[in-house]
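Okay, here's what each chain looks like letter by letter:
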Amino acid sequence: MRVACLFFSKPSSQSKLSDLAEACLRFSPQIAVRESEAIFIEIGKCQALYSERSFLFRAQVLSRRFGWDARVTISDDIPSALALARHAKASVDSLPVESLVDFADPFGVDPKGRASIGALVEAVQRLGIETLAEFKTIPSQSLPSRFGSLSLLCRQRLENASHLPWPTWSPPEHFEEKCELLPSEYCSEIEPLLFYAKSMLDRIFGRLRGRALRAERIAFSIELEKYSTTKEPIREWLFELITPQGAALGFLPILRERLNWDLSRTPIHSYVHTLKCSVLATTPGRSAQRDLFASHDSNSQLDQQEALGSLFGELEEFLGKSHVFWAQTTEERFPERSWVRASQKDAPQADLQDRYPKRPTRIFKNPVPVTVIQDRLVFKGRKFKSTRWSKVERLSLDWLNDTPARNYYRVDLEGGQTLWVFSDPQHHYFVHGYFE
Amino acid sequence: MERPERPQLAEIREKLAQWNGIPKREFLDCDTVPGGVPRGVICEITGSARTEWMISLLRQNPPLQTFWIEEQLTILPTAIQQRGVDLSRLLMAEAGDRLFQALRKALRSRLFDCVVLPGAIDEVKMLKALQLFARESNATVFFLSKVSIHTWSIPFQLAANWNSIESHPVKSLNTQPALFRVSEGQNLISESLPTYSVEIIKSKFTRSECP
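Protein chains in written order, with the numbering used here: chain A, 1 to 436; chain B, 1 to 211.
Rather than coming from a laboratory, the hints here were simulated on the basis of the structure.
Please read these numbers as outputs of a predicted model, since none were measured by experiment.
For glycine and all other residues, C-beta sits at the position ideal for the given N, C-alpha and C.
Treat the hints with care, since some could be wrong.
Stated by the list, open to error - Counterexamples of contact, computed for chain B against chain A with all Cβ distances above 12 angstroms: (1) Gly36; (2) Gly96; (3) Asp122.
Unchecked claim - In silico lysine-lysine, DSS-like type, Cα no more than 27 angstroms apart, as pairs: (4) Lys146(B) to Lys383(A); (5) Lys105(B) to Lys345(A); (6) Lys365(A) to Lys146(B); (7) Lys358(A) to Lys380(A).
What the hints assert, rightly or not - Ranges between beta-carbon positions, derived for each pair: (8) Glu123(B) to Arg217(A): 36 to 42 angstroms; (9) Pro267(A) to Pro23(B): 45 to 51 angstroms; (10) Gly96(B) to Asp69(A): 47 to 53 angstroms; (11) Ser264(A) to Gln72(B): 22 to 28 angstroms; (12) Arg217(A) to Pro23(B): 40 to 46 angstroms; (13) Ile200(B) to Gln344(A): 36 to 42 angstroms.
Put together the whole structure using the sequences plus the hints.
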């Protein structure tokens, strides 16, 4: 058994510690939290996935992302990991006798017991015993009669505490992060807003990653100083992501585009004092240990898919809805109905192989009227000589639909160009597209 | 004594790049361009069959991820699929007057191997920026222009033109009956499109393995 302890010298709130513990789920599913002080992670069974050295670096980076400087230690059991982190010592033997408190009550759930241990420590120190190495020299048979039963418990835990049961810890139910700003931070422009949003998003996506989830729907809001000129003190934006995102890097460009668009139309007239971000819907993401079972190809494919989703969202915010799309062909023959705009990359396509003649590559949104006089076409005020008219292709809808039937021809012009011309039942001719 | 043949400028460039540790330039396979189409540069395609040539290039390189952007969409995706291109590899955008910004975002994402624009960008500053983005992302930017522009930043220019077809007698269409024969449409499916010819106007690149 190998236990890592993330110890925070400055006491922090329980909810924030739980958030970090949730992000630590990426390392191991077995986690315990000591109230406002420490997080324990069982990493002994994950030795094949990462080394202890890399874990130390990653845990420190992660805790810094959440705004704390953690002291990280790894030991064979929970009490020794906690005591080593608290007293910043290299080995258990060099720990001071005060650390017996951590051996007796490593999860900080027994305040009465802690007081009794204080008396025990004082008694031991009066004998001139300063370190745990010295404490170990006292024969264990004499411990209960001299220092009480607690001393024997401490001794047993000092020798072997791996059997200690782990208390239950469950991660928070909601993914919500808040960032409060001081008035002196003067945050009223888009760049500082995004700067603060970035660290908040990093935390929230770190938590999602720990749970192997991706965000599908995100609400982002800002609260403004209530000046008399402020009409809307709370502004909120809702993001429905086409491709669920698993990292702040993918969501940030989408947020930037939306804020750019919205704040350029309705600027904010006072300073922002609170930023809030919450994930309203999630989808299962890839597992935290990506390289274990999946091949590199499939991992990079997933990464690419997520990056493509992020770009799609960014372009959609920038250009407008349905201005960026994947084309999905349909069973319809009419050119304007033969395809639709899809927001999914792998939308099912109709099989068009040998279904109907080749369509022109370019098409007019509105067909252009053309006058046909024998082998001449008068089109946009210019005359063209046709060299060949193809056979007719008739397109019509069912009787319920009142769209008139069209007769399409491929018309080759002198000079090599080919037009796609149709005539309606009244013998009016229109150019609908051209082969380019 | 026989003098050794002088090396071409492109060969010298390639050698210098090798010495400086710059990765070898990649090329897209194309049956009408011996040696292929270079990647990471701006290519200008002109002529009456330019879109047809572009689609045939995409068909010959199925793994390519392509971004097709136009100000007002005139391309017919059905036609692209009919010519054998997988539409799931083609992200399309109708950008209006924000074409360049959208293009820049797409190139910076480094997700695409090919970017296709309906016409050329005339402004030199934008062209330079685009050239840098293309090189960074190793994506080929295709301008489907009506007329070619002369600038140093476009190292590859090509013209694809329809071959003229023999003239057939055209019967009077104004005398056709109101109802048309439907069955004739079936024969059109097998009818192939006219052929086009390709002419390389400018190419600053050579592929060492090409003949």
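Here's how the hints hold up against the structure:
no. : hint                                       : result
1   : Gly36                                      : holds (23 angstroms)
2   : Gly96                                      : violated (7 angstroms)
3   : Asp122                                     : holds (21 angstroms)
4   : Lys146(B) to Lys383(A)                     : holds (20 angstroms)
5   : Lys105(B) to Lys345(A)                     : holds (19 angstroms)
6   : Lys365(A) to Lys146(B)                     : holds (20 angstroms)
7   : Lys358(A) to Lys380(A)                     : holds (25 angstroms)
8   : Glu123(B) to Arg217(A): 36 to 42 angstroms : holds (40 angstroms)
9   : Pro267(A) to Pro23(B): 45 to 51 angstroms  : holds (46 angstroms)
10  : Gly96(B) to Asp69(A): 47 to 53 angstroms   : holds (50 angstroms)
11  : Ser264(A) to Gln72(B): 22 to 28 angstroms  : holds (24 angstroms)
12  : Arg217(A) to Pro23(B): 40 to 46 angstroms  : holds (41 angstroms)
13  : Ile200(B) to Gln344(A): 36 to 42 angstroms : holds (38 angstroms)
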